[in-house]
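There are 2 protein chains.
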Amino acid sequence: MPTIVVDVMPKSELLDPQGKAVSGAFARLGVDAFADVRIGKRFELTVEGEVTEDVLAEARRVAAEVLSNSVIEDVVGVEVVE
Amino acid sequence: MPTIVVDVMPKSELLDPQGKAVSGAFARLGVDAFADVRIGKRFELTVEGEVTEDVLAEARRVAAEVLSNSVIEDVVGVEVVE
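Taken in sequence, the protein lines are chains X and A. Going by our numbering, the first residue of the first sequence is number 3, and it counts up by one from there. Going by our numbering, the first residue of the second sequence is number 3, and it counts up by one from there.
The shape of chain X in the complex, shown without the other chains (with noise of 0.2 Å):
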């Protein structure tokens, strides 16, 4: 079945802990390769039938409204994957 994902992040703006937690682990293992380290969500929405464009709007508007809280979060992306 077709999923379609939905990928959210913290504002860009927004201090992100728990990615500054990973710099730091990724510190103590002595990996410096990234410079910085910041953590969303993913969500795959599971599809039956064909992703048709009222269902991708659909996708959007949860997205928006109900996957993401627009105060301190981006929606960065919402795409079918087969």
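Bear in mind the hints are in silico, worked out from the structure with no lab data behind them. Where is the CB? At the ideal position from N, CA and C, for every residue including glycine. There's no promise every hint is true.
Claimed, not checked - Covered stretches of chain X (chain A as the covering partner; in silico rule of three or more C-beta atoms under 8 Å from a C-beta of chain A):
no.	region
1	3 to 17
2	27 to 39
3	43 to 52
4	64 to 72
Assemble chain A onto chain X, guided by the hints.
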């Protein structure tokens, strides 16, 4: 600066309680376009300078060893995003 996106999802054979909770919320909101919802994590690793093969290999390594718990999660993507 280039970014490497690491996507981590719960193993498909495992129950995803968070996903089920969102499915329940969809049902209460009258959203019926989606048969199932699964929720994972999306990591954005910022790289200073160029993304060399070594940097990408390091991203794959930390994805498997630090950013995911191989008992309950799968790394489903390690991708360079300019």
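Taking the hints in turn, this is what the structure says about them:
By the rule of at least three residues with a Cβ nearer than 8 Å to a Cβ of chain A, the coverage given for the region 3 to 17 of chain X holds, with 5 such residues. Coverage of the region 27 to 39 of chain X by chain A holds in this model, with 9 residues showing a Cβ closer than 8 Å to a Cβ of that chain against a need of three. By the rule of at least three residues with a Cβ nearer than 8 Å to a Cβ of chain A, the coverage given for the region 43 to 52 of chain X holds, with 8 such residues. Closer than 8 Å: that is the beta-carbon criterion, and the region 64 to 72 of chain X has 3 residues meeting it against chain A, so the requirement of 3 holds.
The structure is consistent with each of the numbered hints, conforming to all of them.
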